[in-house]
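Mind docking chain B on chain A? Use the hints.
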Amino acid sequence: MGFWSFFFIIVFLGLTTQWYGTNKALKLNSNIKEGPKLPSLPSYYGANAFLWLVISVLLFLIVWVFSKPHILDYILIQNIPKALIDEFGGTPNMLIDIIKATDISNIFPGTNPIIIENALYYNKIDKLSDSIAYSIILFVGLTVSIFSINKISFLFKARQAVEKTNINLLILCSTIAIIATIGIILSLIFEALRFFEKVNFFDFLFGFNWSPQTAIREGQVASDGAFGAIPIFSGTLLITFVAMFVAIPIGLFSAIYLAEYAKPSVRSTFKPILEILAGVPTVVYGFFAAITVGPFLKNFVGEFGFTIASESALAAGGVMGIMIIPFISSLSDDVIRAVPQNLRDGSYAMGATKSETVKKIILPAALPGIMGAVLLAISRAIGETMIVVMAAGIAANLTLNPFESVTTVTVQIVTLLVGDQEFDSAKTLAAFALGITLFFATLFLNIIALRIVQKYREKYD
Amino acid sequence: MTNNLDRVELSLVGRKRSERLFKFYGFLGILIAFLFLITILYSVISQGQKAFFTTFIKVNIFFDSEIIDPQNQRNDEDIRYANFNKIITESLKKKFPENLNKNDSKELSSFISSSEADYLSEFVVKNKDYIGKYKNMWLLASSNIDVIVKNPEMEDLDEEDRLISNKQLGWLNQIRLNNELKKELNKNFFTKADSTEPEQAGIWGSLVGSFLTLLITLVLSFPVAVAAGVFLEELAPKNKFTEFLEVNINNLAAVPSIIYGLLGLAIFLNIMHLPRSAPIVGGMVLALMTLPTIIIATRSSLKSVPPSIREAAIGLGATRFQSVVDHVLPLAIPGIMTGTIIGMSRALGESAPLLMIGMVAFIVDVPTTFLDSSTALPVQIYLWKSTAARGFVELTAAGVIVLLVFLILMNGLAVFIRQKFEKKW
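One line per chain: the protein sequences are A and B, in this order.
Counting in our numbering, the first sequence runs from 1 upward without gaps.
Counting in our numbering, the second sequence runs from 1001 upward without gaps.
Okay, chain A solo, but in the shape it has when bound (with noise of 0.2 Å):
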């Protein structure tokens, strides 16, 4: 059985069930002629059953879907030569996976035999046991919609149950959410404890040497500390601080100009201009750093007898800083416009200029808000991955001049794990320490930054 024949087959076996309890009950009622009838409306006695096909089914289908891997990988193990595995290093992992990829319609001559034919075995285990699959599902669907149907009765209230089960339903989903912050978190500590059993915890945070792609061997690692993240920090924090350099005035600049001086009209314009560079994505920014900002940068500081890296942090800090442009903007602008216009009025009625009341009045006031916003852009920015990855470069290099190349965190990561497939060594494993690492920085920075607007904001009223 396919899957779409499953699930045609689903699909109407619950449609069927849907009916069948609702006409059920309706018969039930319509035998009433006095007295009370069915405590509930018909329709909710078919919902429910329809209801229960559908969580069983999909409880089902799920457990399937996560366990079949591992149950196929298992019995296709049971069925390859002992003599196959040793050829490929002993570890079946590489080679179920070869396998798997080959395509048993278009085989590449000069495959190995005895992949060939595990590879149409494979084929075989993988329908047989979604048949297997689908049919156990179905038979339990089945059973779950005929009982359901038979629970209808005038003591069973199916108003009551449908909306205990919906709202248990909506409570699942929410702490999806909850799962999800917890499957990060486990993940990230999980690995990074692996990768702290090889490398000392204190060397990798302060340590000056990063050099993860020679250190092959284990001894290596230890001895050399080819895993000291200073470098990387300091990397991080200079592009972020080009950034905030370039983001910080021209935004909170803009932000004063749309909230104060614009007329509505203006603002109408600019403010949607300033979306849509928000919602350019990063990798198009990235892009536009390597192969536009980083030439230009280098053409233009060479004529003043400089030379610069052309993956250079001030290219890719001065493009993230457009990126964060219309964070800071539009999250100032909304805490300005924030400000009551008594305050306003105030200043004006003391014979104060537009730009003496902006400076004297309401940034002070906003400045919670606006302080609040810078945080949070830099915690965006030390966690922009695409820029860097495209613009800036992969040395760690210890250094604060903006002209030189450095990498980031986020760099690291993806240089360390794309490509790569082993689990084990230091190298990987290193990229889920930066990445808690990462992860723990921005959440402190967001924390904070909510605590500053909520303790510091001015109550007006």
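Rather than coming from a laboratory, the hints here were simulated on the basis of the structure.
It cannot be assumed that every hint is accurate.
What the hints assert, rightly or not - With a cut-off of at most 30 Å between alpha-carbon atoms, the simulated BS3-like pairs for lysine-lysine come out as follows:
(1) B:K1150 / A:K298
(2) B:K1240 / A:K164
(3) B:K1238 / A:K157
(4) A:K164 / B:K1238
(5) B:K1016 / A:K271
(6) A:K263 / B:K1023
(7) A:K271 / B:K1420
(8) B:K1420 / A:K263
(9) A:K271 / B:K1303
(10) B:K1240 / A:K455
(11) B:K1016 / A:K360
(12) B:K1424 / A:K271
(13) A:K271 / B:K1023
Claimed, not checked - To be clear about the criterion: a stretch of chain B counts as covered by chain A if any three or more of its residues have a C-beta under 8 Å from a C-beta of chain A, and this derived list gives those stretches:
(14) 1040 to 1051
(15) 1227 to 1235
(16) 1251 to 1265
(17) 1270 to 1281
(18) 1392 to 1406
As the list claims (entries may be wrong) - Now the in silico label distances, taken between C-beta atoms and shown as ranges:
(19) A:K33 / B:R1320: 32 to 40 Å
(20) B:N1136 / A:P81: 56 to 64 Å
(21) A:Q78 / B:L1215: 34 to 42 Å
(22) A:F154 / B:P1307: 34 to 42 Å
(23) A:I182 / B:R1320: 25 to 33 Å
(24) B:R1007 / A:K359: 19 to 27 Å
(25) B:E1180 / A:S129: 54 to 62 Å
(26) B:R1320 / A:K359: 47 to 55 Å
(27) A:Y121 / B:N1239: 52 to 60 Å
(28) B:F1190 / A:P295: 26 to 34 Å
The beta-carbon is built from N, C-alpha and C at its ideal position, and this holds for glycine as well.
Here is chain B on its own, set in the frame of chain A:
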């Protein structure tokens, strides 16, 4: 008194000047942001539009029976394995009367894309009566030739910086003089997947990959997010648990996207053994990322429905749940749709988490199922940008244009729905 007034009068000039200056700074901020946007769009479009067209060279092909079918058996398999590159080179040589040595013919053969030999062999298999005859055909030029044709300023570069030799440039100019060069729509770009040769690479494979990925994202995140939004906004009791939920969702919205990629790698790939590089995993990761966006949109959209709707429904005997599902939620649908489309457009432009789960491979086939290896549109842009060959620069920009067009379409749709269907109460 006059003394004070004079002081004010005196200070006024400076204060007014600083007022004008301050206003000017504000305007400058806006102007700079605007200029950045224009620059980005200009640099993308000016390079990208070149990739939508590609160069063809007219060659009078001689289907030499000595090369194609020396035994004269007209056997399909034999014809397919014949050396069609040689046929192209020999036919090209005829354009230039001067004697060409072996090295020259090698340089000459690099004028035509390597895909054209296959094209010719398929052509001959279908039209066997052309064997031994001549036919004028437009053949796809190789990427190096294409780049020179599109960027005439490169002809002035030194030989070693120019991609083609002086000799090749001479031949190219001769071909151009004979009117045997034309630009045509780059069909490969719109119909093929990735390739090592820029002139044969296309965006279609990654477009399909993005579509499959977003489909999974939508199917997973939309119902869950709407359900969560409805619960939190309408039905949840105020207690520690729901407070915790809200804090959680707000934090998830601020987690860097690459962290979601690490989650996908550690859990979906390493623990659940789902296939690498597959749209289904990409879709699941992006769904987690989009979830907070849609939840927040759902909540604000529900919040804007006036309480009188709920009260009216409850007053007529509906339960709380019925009032929400039958009356409030339908009124909030336009806002939810707008938020969902914006979330989807953000997911379309997102690439960092997809790099983590291996959707960054070199894939020459257009994916057909959710389990096939594939890339996504922004990842393809990243891949092309990282490729050294000069011809990929324009392809990358063209990929960016395609991505931007899709984003504009999606956001336009969102704006349309907002203006057409959203009710102001």
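These are the hints, each one checked on the structure:
With a CA separation close to 25 Å, the supplied pair K1150 (chain B) and K298 (chain A) stays within the 30 Å bound. For the hint linking K1240 (chain B) to K164 (chain A), the alpha-carbon distance of about 21 Å falls within 30 Å, and the restraint holds. A threshold of 30 Å between alpha carbons decides the hint, and for K1238 (chain B) with K157 (chain A) the separation of about 27 Å falls inside it, so the pair holds. A C-alpha spacing of about 18 Å is found between K164 (chain A) and K1238 (chain B), which places the hinted pair at or below 30 Å, so the restraint holds.
Note on K1016 (chain B) and K271 (chain A): the hinted pairing holds, with a Cα-Cα distance of about 27 Å set against a maximum of 30 Å. At roughly 13 Å between alpha-carbon atoms, K263 (chain A) and K1023 (chain B) fall within 30 Å of each other, so this suggested pair holds. A distance of roughly 21 Å separates the Cα atoms of K271 (chain A) and K1420 (chain B); the hinted pair therefore holds under the 30 Å criterion. About 26 Å separates the Cα atoms of K1420 (chain B) and K263 (chain A), which keeps this hinted pair within 30 Å; it holds.
Note on K271 (chain A) and K1303 (chain B): the hinted pairing holds, with a Cα-Cα distance of about 24 Å set against a maximum of 30 Å. As the CA atoms of K1240 (chain B) and K455 (chain A) are separated by approximately 21 Å, the hinted pair is consistent with the 30 Å bound. For the hint linking K1016 (chain B) to K360 (chain A), the alpha-carbon distance of about 16 Å falls within 30 Å, and the restraint holds. With a CA separation close to 21 Å, the supplied pair K1424 (chain B) and K271 (chain A) stays within the 30 Å bound.
A C-alpha spacing of about 17 Å is found between K271 (chain A) and K1023 (chain B), which places the hinted pair at or below 30 Å, so the restraint holds. With a cut-off of 8 Å between beta carbons, the segment 1040 to 1051 of chain B has 4 residues touching chain A; three or more are needed, and the interface restraint holds. Residues of the segment 1227 to 1235 of chain B with a Cβ under 8 Å from some Cβ of chain A number 6, which satisfies the need for three, so the listed coverage holds. Chain A is given as covering the segment 1251 to 1265 of chain B, and this holds because 12 residues of the stretch bring a CB closer than 8 Å to a CB of that chain, at least three being needed.
Counting residues of the segment 1270 to 1281 of chain B whose CB lies closer than 8 Å to any CB of chain A gives 6, so the stated coverage by that chain holds, three being the minimum. With a threshold of 8 Å between beta carbons, the proposed coverage of the segment 1392 to 1406 of chain B by chain A holds, since 6 of its residues qualify and at least three are required. Checked against the hint of 32 to 40 Å, the pair K33 (chain A) and R1320 (chain B) passes, with Cβ atoms roughly 34 Å apart. The hint said 56 to 64 Å for the Cβ distance between N1136 (chain B) and P81 (chain A), and at roughly 58 Å that hint holds.
For Q78 (chain A) paired with L1215 (chain B), a C-beta distance near 35 Å keeps the hint of 34 to 42 Å intact. Take F154 (chain A) and P1307 (chain B): their Cβ atoms lie about 37 Å apart, and the range 34 to 42 Å holds. Distance hint check: the CB atoms of I182 (chain A) and R1320 (chain B) are about 30 Å apart, consistent with the given range 25 to 33 Å. Evaluation of the 19 to 27 Å hint for R1007 (chain B) and K359 (chain A) yields a pass: the beta carbon distance comes to about 20 Å.
Between E1180 (chain B) and S129 (chain A) the CB atoms are about 59 Å apart, so this pair conforms to the stated range of 54 to 62 Å. For R1320 (chain B) paired with K359 (chain A), a C-beta distance near 51 Å keeps the hint of 47 to 55 Å intact. Against the hinted window of 52 to 60 Å, the Cβ-Cβ separation of Y121 (chain A) and N1239 (chain B) comes to about 54 Å, which satisfies the hint. Range check, F1190 (chain B) to P295 (chain A): Cβ separation about 29 Å, and the 26 to 34 Å hint holds.
In this structure, every one of the numbered hints holds.
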